[in-house]
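S.K.: Starting from the known structure of chain P, arrange chain D on it as the hints suggest.
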Amino acid sequence: MNDRKITVAVRVGSAMTALCAAGAILLAGTAGRADEPEAGVPKLRRLTEAQYRATIADIFGPDIKISGRFEPDLRVGGLLAAGTSAVSLTPSGAEQYEQIARGIAEQVVDKAHRDRLVGCQPGPADPSGAACAESFFHKVGLRLYRRPLTPDEARLAVAQTLASARTLSDFHAGVAVMLTAMLSDLPFLFQVDRVVADPARRSDQTLDAWSRASKLSYFLWNSTPDEELLNAARDGSLMTQEGLSQQVSRLMASPRFETGVTAFFDDFLQLEGMMSLSKDSLIYPAFRSSAGPAAREQTLRTIVTLLARENGDYRDLFTTRRVAMNRQLSPLYRMPYAPRDWSMVTLPDNDPRVGLLTQISFLTLHSHEGRSSPTLRGKALREVLMCEHIPTPPANVNFTIVQDTSNPNLRTTRERLKAHLDDEECASCHKLTDPMGLTLDSFDGAGQFRASENGVPIDTSGSLDNVRFSDAAGLGKALRDSPQVTQCLTQSAWRYAVGRQLVASEEPVTAALHNRFAQSGFRIRALFRQIATDPHFFAATSRAPARTVAARPSARKSS
Amino acid sequence: MTNMNRRGFLLRGAFAGATVGVGLPFLDYFLDDNGTAFAAEYGGGRLPVRFGTWFWGCGMIPDRWNPKKQGAGYDLPPELAPIAPVQDKVTILSGFSVSLDGKSNQPHISGNIGLRTGTPVDSWQQIVAPTLDTAIADTVGSGSFFRSLDLSADGNARTSFSYRSGTEMNPSVASPMELYQRVFGVDFHDPNAAEFKPDPRVMARRSVLSAVTDQRRSMMGKLGAADKARVDSYFTAIREVETKLALQLEKPPRAEACVVPQQPADMVPSTDVTERQKAHKLMADLLAMALACNQTKVFNMVFSTATADLRTAGSSTAYHQATHEELVDRTKGYQPTVDAFSTQSMQGWADFVASMAAVKEGDGTLLDNMLVMAHSEVSYAKNHDVNGIPVMLAGRAGGKVKSGIHVASQGDAISRVGLTMQQLMGVPLDGWGTGSMRTNRPVSEILV
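Chains as they are written, first to last, in the numbering used here: chain P, 1 to 559; chain D, 1001 to 1448.
No lab work stands behind these hints, which were simulated from the structure alone.
None of these values were measured; they are calculated from a predicted model.
Hints are not guaranteed to be accurate.
As the list claims (entries may be wrong) - Taking lysine-lysine and the BS3-like style, the derived pairs with C-alpha atoms no more than 30 Å apart in a straight line are: (1) LYS1103/D <-> LYS1332/D; (2) LYS1400/D <-> LYS1103/D; (3) LYS111/P <-> LYS65/P; (4) LYS111/P <-> LYS1197/D; (5) LYS418/P <-> LYS1332/D; (6) LYS1103/D <-> LYS431/P; (7) LYS1222/D <-> LYS139/P; (8) LYS418/P <-> LYS431/P; (9) LYS1281/D <-> LYS1244/D; (10) LYS65/P <-> LYS139/P; (11) LYS1068/D <-> LYS1332/D; (12) LYS1400/D <-> LYS1281/D; (13) LYS1400/D <-> LYS1197/D; (14) LYS1244/D <-> LYS65/P; (15) LYS431/P <-> LYS477/P.
Excised from the complex, chain P in its bound form (with noise of 0.2 Å):
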């Protein structure tokens, strides 16, 4: 079963129009690279974009506005949440976080919210405002740093606000000014990891009941911990089993889990590049820039419907004919009518459409900008939802015959790519690649049906190692049937909880993670529990000497 795992860093910073390269890259063994943790578990992880925006929502209001660019979030195996414990700051994303704070601060003193969010005037007993600088930075600085300030700290604050305000003639300036320094401050930037002997086993470490909290809620909930989570963080019950136990129901029950398993949807399946996709508008013209972002939102909900929300089994969204839809999307699905907000529909049983891999996001994402791509296709589902690894091709390879467009012998793009297959050196990668996108190449690079390609019927055969069928619906099939499958989604999922790559030591906790999700019938909830209450979610190092778990060479029994 191990054997099927496979943890690589693919930075995926092009689009190749066809793979062809034997064997794969061993990335064991080099020590000091940025998508391999060294021995022990890194213990900063950089919040993302999403986490740090709905973090600023939850402690000082949704009407806070965040305005700035953010330096980029790094994609590491897949995941960008891997990347969080491998990134630090450049300068220049540090001044752009500077200024990022600089407008929350100024928001949160300013005469609309000051009374919600400061909550007190300095009274004349405390002309220089101590009192209320100290009672706001302990509250805020609590939320903040996802735990209690330090005296030192909670005293520089007090003294930092008063002498700025003194500067600047205003107290709530001063405020402002504290309150930017701490929102660029590292450990509200990043989730640090503090590590306590372990209450259960004295010997052994363990992290902290604080950040335990935050790994907890950053994981399910995506942003940071709520008053409860805290106190359940301050009164000790966070490092028991029981009282974690408790916590991470009460974090599953809330509407806001199906935030979290958003997040890791989004994350695993690479949608934000959904926000950027750009199409051809006189190949396309049906597809608007405004699509991207709907048929992204549709995958999402979609999938926490299912999941989250009715609890059903992950491979079903594989086969499933239900999707949410909305009157924007319906007439890319040549749907006559959809309600103008979104609602789950039951495709027709003769639709063409069938799963996730039918919905435009995953058929337009791994498209070129004006045309369908197979081979893309085909590379994102072995890599993204089977784990493996595809290798780059080789730099001198010679793709003239198979992109003769011209070339009246070959019409289609199956026939063109056929081409590959007669070629050794690139037959054992387009072996792994092609016969499942080439079953998806009756949608167009928008995502369209379509029955033909230049007036030639288009043949939708293909295969999954051993497996073969006729159509995208038994493509979909025979990945709710790949154990491949849902070992990739039990091992992504550990890799987003924990925030980094799998270490060799870890096999056996995603092994075991994978037969409790088996025994679920592969229930995301059961899953994301699972993770969560398990001790190795919050070991402070990992007990065996780490080294990443080496890429399988892709070459496979089928080929």
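M.R.: For chain D alone, kept in the frame of chain P given last:
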């Protein structure tokens, strides 16, 4: 200076409503009768030499790009034709190569990393040495408001080839509007403004940031090596913010060529090549003023991504795909679509050089006080060839380099170019690169 107020008044009057472009004749107004001007000083010292890189993706077709003739007055093959108006300002370095030392050639990555770090590796995340622009920025960049300005005309902040390490990419400013706001927004102080009053808010921000950071530094516990490095980067980055705030409290030295530009109109990022040329030209003009106004001394400008993202509206085949897929036209002997995109990329470069040369500075132009290295990540993209990666230089580095010559190498390590750039900019190096890319031989042909 008495005419400063008048100058400011005239400029704002004349440029109200206009975009960025600054006509030369108008700038001549600020020169003295001899054309050498009061501009030949910078805060009482010599004009600074600025360094930048300019990147375009997917290389060129060697037979259609490499000049045959060496030295001055080199010939302009068809793909280089757009640079004709600025040929005397552009030096061509052909035939320099990345040697992979047995490593695999990772398409569109190996060549770029090899050229920029002197050590080719398989992916950006494996970078073992900083890119050369960061070494130069560390040497000359301090004291400027931006240690470096990283720019990309494609609308994507992730399009950057400036790295300190595999996890430290310097993100790009990705549109003309964003560039304007970053450089000439609320924090900008016109170096030629008569009045300067330090802003107490900046004073307070700096003082508090510094106090909080000092406390934080003393509180950091024990960390593993990787986390320690990340924390160090964090503190370095915050320190840079403090330095910037400190700079805002000082009156900036006069910058005679500095004319505060008008805010450009917002543009939707596009892969369409003509739209890209427009966005890039706007950014080039803004960058020229950012340099003239002493906001930075180092920059990286990306015209198109590696695996060039350029396309023509209505065509199902974009530039990158075409490099792989387009048939070589039997009568012409080359790939016509690829040739056209390559030529359009060179138009982008010619526009860039012209923007820098349009700003009078001292007794020459801004470009004379610059050293710009333009390059791609491959030579012939069809083969992902890392031999003979095209490099062009513009600017005279304050008189230290020649302009307008062609130096043809027979496959020398391209790290010779990187070494030369760094040495010219004062990085104390006697050799650079690793393995067979290690060199201590600068490209002396370009030196004055």
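S.K.: Going back to the hint list, which numbers does this structure go against?
M.R.: 1, 2 and 13
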